[in-house]
Amino acid sequence: MLREKLTENKGKNISALTGPVTGAVESLWTRFVGDMGSGQLVRYEPYSQAYMVKASELAFGQAAVPKVSLKGADLVCSLGAQFLETWGDVTALAREYAELRTVDHGKRGVHHQFEAKMSMTGASADKVHHAKPGSETLLALALLKEVAAASSHLSAEEKAMVNGMAGVSLADAATATGLKADDLKGVADALAHAKSAVVLPAEALILGDEVIRHHVAVLLLNKALGGIGKHYNYTASKPLERVPGHKPVLDLVAAMNNGQVDVLFIKDANPAYALPPSVGFADALGKVGLSVAFASNLNETSGIADLVIPVHHDLEAWGQVDTYQGLSMLQQPVMTPRWEMKQAEDQLIDLLNDVNSAAIEGNFQAYLKAEWVARHGGNWRDDLKKGGRFEMAESGENLSISGNLPAGYFSDVAAVSAGDHPLVLVDSARFGDGSTANRDWLHELPDTMTGVAWDSWLEVSSHYGHEQGLHNGDMVELSANGQSVKVPVFLCQTTSDKVMTLATGLGQTHLAPRHNRGVNAFTFLNGKLNDAELFSAGPMNAKISKTGEKVKMATFHLPGRGDQANTALSLYEGHDHQYTRDLHQTVAAASLGHGGGHGGGGHHEEMDPNSWFPIHTDKDFYPDRTDTKVYTDREETFYDTYKWELAIDLNKCTGCGSCVTACYAENNIPVVGKDQIVKGREMAWLRINRYLAFADDGHGGHGDVKVGMLPMMCQQCANAPCESVCPSLATYHTKSGLNAMVYNRCVGTRYCSNNCSYKVRRFNWFSFEYEGDQNWQMNPEVTVRSKGVMEKCTFCSHRIRVAGDLAKDKGGIIQDGDVQTACQQACPSHAITFGNYSDKNSEVYKVAHDERAYRALDSHIHTKPGVSYLKRVVLEEEHHG
Amino acid sequence: MSEQTPGVLGIYSHMDTLIDGIHHFKKAGRKKIKVFSPAPFHAIEEALDEGVSPVRRFTLIGALTGATFGYLFTSFTSLDWILPTSGKPVVSLVAYTVIAFELTILFGSIFTFFGIALNAKLFSRRKTLYDNRFTEDKFGIFIPCSETEYDSVKQSLTEQGAEEVRSA
Amino acid sequence: MKELNFPFRDINRDILRTLEKPSIGYLVLLTGILAGVGVLGFCFATQVRYGMGVAGLNHPVGWGVYITDFVFWIGIGHAGTLISAILFLFRARWRNAIFRAAESMTIFAVMTALLFPVIHIGRAWLFWWLVPYPNQRELWVNFRSPLLWDVFAVSTYFSVSSIFFCIGLIPDIAAIRDRATGLRKKIYTMLSVGWDSSSYQWRHYMAGYGFFAALATPLVLSVHSVVSWDFAVSIVPGWHSTIFAPYFVAGAVFSGMAMVITILIPFRSIFKLERYLTPWHFDMMARLVLLTSTIVGYSYLTEYYIAWYSDDVFEKFIFWERAFGEYAVPFWLMIFCNVIAPLPLWSGKVRNNFTVLFIITIFVNIGMWFERFNIIVSSLTQEYDPFAWGWYTPSWVEMGITFGSFCWFFMWFFLFIKFFPSLAITEIKELAEPPMSGKAQKEAV
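As given, the protein sequences belong to chains X, V and P, one line each in that order. Residues 8 to 888 (the working numbering) are what the first sequence spells out, left to right. Residues 8 to 175 (the working numbering) are what the second sequence spells out, left to right. Residues 13 to 457 (the working numbering) are what the third sequence spells out, left to right.
Because the hints were derived from the structure by calculation, they are not lab data. Treat the hints loosely; a few may be bogus.
Taking lysine-lysine and the DSS-like style, the derived pairs with C-alpha atoms no more than 25 angstroms apart in a straight line are [to be verified]:
#1 636(X) x 114(X)
#2 294(X) x 12(X)
#3 430(P) x 197(P)
#4 198(P) x 33(V)
#5 294(X) x 114(X)
#6 128(V) x 198(P)
#7 636(X) x 128(V)
#8 376(X) x 245(X)
#9 853(X) x 742(X)
#10 33(V) x 128(V)
#11 742(X) x 847(X)
#12 134(V) x 198(P)
#13 451(P) x 161(V)
#14 198(P) x 361(P)
#15 559(X) x 742(X)
#16 95(V) x 39(V)
#17 34(V) x 197(P)
#18 451(P) x 134(V)
#19 33(V) x 742(X)
#20 430(P) x 128(V)
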């Protein structure tokens with residue numbers, strides 16, 4: 008039928024709408040529409056960096072997106088970019104950020120974050136400045152003025168140019184942002200005196216029409232700091248062609264509305280969901296002669312197309328992704344396709360060959376290979392094994408400021424005013440543009456800063472919420488920008504009064520029923536393109552009105568109670584502030600590096616005498632197990648070959664949750680859904696405990712809040728409280744230091760979970776059924792548990808076993824680095840170390856004996872856990888927590 | 008009612024006459040007289056003067072068996088397949104004391120039960136004369152004797168206050 | 013005892029009257045009770061079919077209403093053994109009229125409690141894995157676990173109490189046998205295992221009975237201690253306390269006595285046994301209730317004092333939260349029912365007033381149920397890691413099973429009183445003056 012239609016329409020407007028395809032993929036699609044008729048290839052992605060292209064062209068005459076890197080930086084100042092979760096190359100930035108935080112002789116890199124709502128990125132910052140939304144450009148300009156005046160990286164002409172343009176004083180910026188001028192001066196000074204500072208811009212989504220000017224200001228600021236070429240690399244940059252804006256799709260909608268589009272092919276694009284409602288994509292699609300969607304699952308756009316052709320999932324398909332200059336990545340299938348289908352590009356080739364006599368030889372794999380070899384030369388198989396070509400320039404040129412900037416460029420920059428509690432949209436790490444909302448794991452993973460799972464929420468500060476008489480879960484009618492939605496409210500203690508936020512990515516209508524939930528924040532986008540030809544929204548005047556309805560919010564913890572590090576949790580107002588019970592500990596940078604820090608890792612570590620808790624005396628009630636024979640008639644003793652331990656550097660952990668989801672994937676952990684999480688039955692073997700410590704503001708109230716992220720999993724305690732209480736001996740200690748959990752022996756008395764002081768044991772309250780093909784997702788090396796059985800983190804013992812078998816085949820033992828736990832593998836900051844503590848040369852042994860090392864709760868209950876934590880390094884002298 | 012022990016049964020209504028009768032027949036040299044009563048009375052037991060019941064030996068042996076078995080069983084099974092828990096010793100005698108204690112009592116009780124059953128010859132058919140009213144309000148003395156002596160014994164019983172006499 | 017000095021024949025007749033054909037009221041009640049047992053079965057079947065998730069339990073509260081019920085029912089059982097065994101050793105004469113009913117309550121309470129180790133485990137159909145049986149894999153159980161101690165303690169308690177109970181029943185069954193006819197006679201003959209009320213048998217019987225009492229005494233003290241160690245041996249703040257063993261045993265006697273009184277007050281009126289279950293008996297039982305109430309109250313104070321004195325943050329926190337936190341209402345309800353409500357028992361008039369006594373003992377049982385609920389649940393909700401805290405509300409399945417357990421208990425009791433004498437005939441006769449003629453030559457001592 009499709010072939011008929013295409014033959015009919017041949018020569019007419021046969022267009023395609025795809026995601027931001029590049030390389031051979033783009034070339035095939037372009038060829039397809041070109042050969043078929045007069046149509047266009049339109050590429051669309053909701054979050055596009057096209058603004059950076061425009062700004063770079065204005066600032067340096069380079070129409071490209073620079074590669075931003077924190078390598079070698081000692082100060083990063085973000086004006087709002089959530090660079091550890093959604094902005095830029097988050098994985099690379101997270102790794103570089105972790106290195107930035109490494110302590111060297113009592114010093115480490117510093118991070119300032121300017122944002123109204125504390126994001127996960129801000130939670131890692133040394134200071135979060137709660138700037139009013141809409142003031143970001145003024146702020147950038149004020150900092151630019153200060154820094155440029157003292158900068159040694161600008162030529163005289165450049166200085167003059169900048170001075171002429173940037174006329175905002177710190178005082179003005181302070182007024183606009185609502186911050187103290189002294190604080191801003193402090194930041195400006197820090198920038199000026201840093202060895203290598205990086206300034207990151209604000210999130211484009213909230214800049215509205217100021218987006219280009221803001222980014223120009225930030226680029227100039229980085230130039231004044233000497234970061235161009237080092238931290239902003241224009242040699243390894245993304246050229247304009249690879250960064251589609253939103254004008255093409257808007258034009259396409261206009262063409263569709265005029266009936267000009269005869270056939271439209273859609274793949275990996277969901278404009279019906281992500282475009283502002285006023286654009287009316289869905290209606291326009293109806294006016295297309297024939298709309299065809301290539302899709303492996305339905306969404307708002309493919310769901311309303313005339314024809315849906317199922318195609319291979321990305322895991323089963325070939326592809327190519329070109330981003331930065333020198334970076335060209337190949338995508339190959341990682342599994343035998345589940346169904347006998349073809350991927351979209353193969354379908355295109357077939358259609359082209361059938362309808363159009365100009366044939367393409369072979370399938371898309373051949374096409375891809377031909378194009379690749381033609382472009383790159385070299386050995387195809389080698390490139391395929393590596394995954395592509397990774398030849399990005401390490402650094403770029405120190406470009407001069409171009410002459411493209413008109414003289415009064417910044418003259419009418421003003422703060423955007425949108426009331427006292429404006430609504431601001433935020434990009435969400437889990438759902439972002441909405442394309443991952445069909446994944447259970449991401450719904451189950453709680454949002455880092457609020458802990459909410461399976462829902463959208465309107466985030467307001469707890470102070471404002473209490474003022475308005477709101478409680479968590481109250482449904483409100485949120486009206487802004489001419490649109491209105493019903494959304495539950497969530498009171499957050501880390502958000503400032505100055506803003507209400509709503510995250511993008513949920514609110515779908517065409518996915519599986521359980522995934523159609525939440526609110527589509529894209530509803531609030533401005534209907535017009537901004538200066539960067541992108542859809543965005545600035546801070547909006549918003550009204551909330553109570554509806555009287557209430558929903559339960561699903562969180563892993565008790566909000567406002569379980570995450571309090573030092574507020575009184577009950578009427579019992581002790582004068583200690585240790586409600587984290589020493590679980591998350593910090594240490595001042597200045598006390599490190601010269602023997603000043605306490606610690607010494609190991610099992611019997613002494614506590615800091617400043618701590619409220621008594622020092623644990625090293626007395627062993629139970630015999631040390633290391634010399635115990637494992638079996639009476641064999642010579643093996645405990646830990647003689649391996650003692651598996653984990654070490655987590657809290658200084659590097661950002662709380663992103665990648666490890667949590669990796670654990671779900673690796674261990675076939677069931678996703679329980681919202682109702683069960685509300686009841687407290689989430690199955691996460693590894694969770695991120697987020698603790699909030701409030702500084703005293705001197706008036707009996709709360710000042711700054713500090714956030715501590717603590718990944719908590721089974722500590723594999725040597726004196727495990729859980730082991731001796733199991734009546735059926737379903738859990739015991741192995742000679743390699745693991746707490747073994749024998750699923751088929753467990754009768755489910757749950758005494759072990761009661762006795763676990765870390766509460767890391769998870770009980771299967773139901774047998775979780777996997778429908779249809781879902782069992783293909785399971786890891787075959789890990790069993791699936793039935794109802795009534797207890798489970799918990801096993802340090803990926805199946806991976807240990809496989810490594811052990813391989814080592815045995817080679818005739819040796821497992822070497823350091825042979826085994827990686829899933830969480831360790833997924834962590835972008837490399838915060839997790841795993842290995843054999845009995846091997847004194849192993850990484851984990853060294854980390855466990857770091858001066859920052861401690862073991863959770865060990866000094867109180869002497870469980871001798873197998874997990875070391877390295878205290879988070881803070882800049883001020885302060886107590887624990 | 009087979010295998011009846013030959014003898015004579017005298018039924019009494021009052022305990023004091025019963026006690027007199029018991030003393031009389033004991034003095035007369037009658038061994039193995041059986042006294043029936045609706046409830047155990049200390050006076051009757053004193054009059055009969057039969058010595059300490061051997062049931063207590065059963066109890067003692069049972070208790071000792073229980074204690075020993077408790078400790079040995081738990082210890083040997085712990086060593087059979089060593090699965091260490093919580094850093095505690097593999098043979099945790101302190102913990103096993105609880106088990107041994109309970110088994111002491113259990114075995115002691117079971118052995119006592121057997122002691123009673125064997126000594127009191129429970130679970131076996133009645134071999135002597137009996138009257139239904141013994142569980143109500145009547146007492147009785149049963150004197151085993153040969154058939155030839157029936158009449159003389161009946162006479163004695165009546166003299167000693169028995170209201171009825173019966174022979175096997 | 014002069015008060016129980018009735019002719020033996022009357023004793024037989026009065027007590028065996030309960031075995032007559034049941035009244036309509038009895039049948040109606042029994043039907044209701046059987047329906048309740050049906051509810052128990054249905055709820056349990058739902059749980060086995062769908063999983064423990066149908067209960068209100070979660071992470072961190074792994075134990076809730078089921079374990080509360082388990083400890084509650086074991087506790088109820090303690091009164092019977094205390095009366096049978098301990099008061100026997102003390103030669104307390106007021107035990108004779110009540111101990112049979114109390115002991116039967118013990119057996120049935122333990123039978124009810126034994127339901128819960130099966131009900132509360134995640135894979136109920138594998139409960140037999142908790143029993144150490146020899147197998148080809150040489151796989152044994154964990155004798156260090158308090159739950160295993162429970163297995164031994166409760167099954168020993170059940171076995172020993174049953175044997176003790178049955179031994180005590182034999183002479184009374186013989187009494188029924190001797191008055192029965194037809195099929196009943198055949199059955200009771202079998203059940204009376206050849207008892208002929210002779211000195212040959214009484215001698216060994218009384219010796220053994222004494223040893224049973226001597227064995228059952230440490231048993232009853234140990235059983236609830238072992239059950240309390242389910243909690244005390246863990247490291248949960250609020251559970252980990254050495255006071256638990258005597259505290260729980262006292263609490264058990266407290267709730268058990270209260271239950272005995274609650275049941276016997278209507279029982280004596282319905283079956284017209286006022287002559288045998290006199291106000292004096294209830295006075296004595298009420299004194300025990302009062303004594304154990306003061307011990308329990310003292311234990312509460314001790315716990316709080318020690319928590320404060322220890323200066324341990326976790327300990328202080330959890331005790332504060334127990335009284336003023338999320339579960340404050342059950343806590344104060346418990347204090348009222350267990351400490352305040354029994355205070356009127358200091359007055360002799362109150363102890364002899366059946367109505368007030370009945371009400372007070374019901375409060376006591378409510379309070380004792382909530383005491384276990386408090387200890388178990390409030391300690392689990394807020395342990396070491398605040399991020400893991402969570403609340404607990406029982407679900408309909410759990411409440412259905414709790415209700416059903418009461419019906420199960422009463423079902424057995426109702427059946428018992430119709431087939432066996434609920435007062436100990438022979439022991440009452442022991443107290444009464446035996447018939448004397450006055451014409452004896454020697455004094456009957």
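Given the proposed pairing of residue 853(X) with residue 742(X), does the C-alpha separation stay at or below 25 angstroms?
Judged against 25 angstroms, a Cα distance of about 22 angstroms means the pair holds.
Given pair status - residue 33(V), residue 198(P), alpha carbons within 25 angstroms
36 angstroms, violated
Take the C-alpha atoms of residue 430(P) and residue 128(V), compute the straight-line distance between them, and say whether it is at most 25 angstroms.
29 angstroms, violated
| task | Mind checking the alpha carbons of residue 294(X) and residue 12(X) for me, to see if they're no more than 25 angstroms apart? | result | 16 angstroms, holds
Straight-line alpha-carbon gap residue 128(V) to residue 198(P), limit 25 angstroms: Answer holds: residue 128(V) to residue 198(P) is near 19 angstroms, not above 25 angstroms.
Discussion item. Hint check: residue 451(P) vs residue 134(V), CA-CA at most 25 angstroms. Holds or violated?
Written reply: Given that 25 angstroms is the threshold and the Cα spacing comes to 33 angstroms, the pair is violated.
Residue 198(P) and residue 361(P): Cα distance at most 25 angstroms? 48 angstroms, violated
*Regarding the pair residue 134(V) and residue 198(P), is the alpha-carbon distance no greater than 25 angstroms?*
18 angstroms, holds
(message) For a C-alpha distance cap of 25 angstroms, please report whether residue 95(V) and residue 39(V) respect it.
(response) Outside the cut-off at roughly 60 angstroms; violated.
Holds or violated: residue 451(P) to residue 161(V), with C-alpha atoms at most 25 angstroms apart
21 angstroms, holds
* To do: Take the C-alpha atoms of residue 34(V) and residue 197(P), compute the straight-line distance between them, and say whether it is at most 25 angstroms.
  => At roughly 39 angstroms apart (the allowed maximum being 25 angstroms), residue 197(P) and residue 34(V) break the hint.
Fill in: Pair hint outcome, residue 636(X) versus residue 114(X) [Cα-Cα no greater than 25 angstroms]
Between residue 636(X) and residue 114(X) the Cα gap is close to 46 angstroms, so the pair fails against 25 angstroms, i.e. violated.
Taken one by one, the earlier hints fail for this structure at numbers 1, 4, 5, 7, 14, 15, 16, 17, 18, 19 and 20, listed in ascending order.
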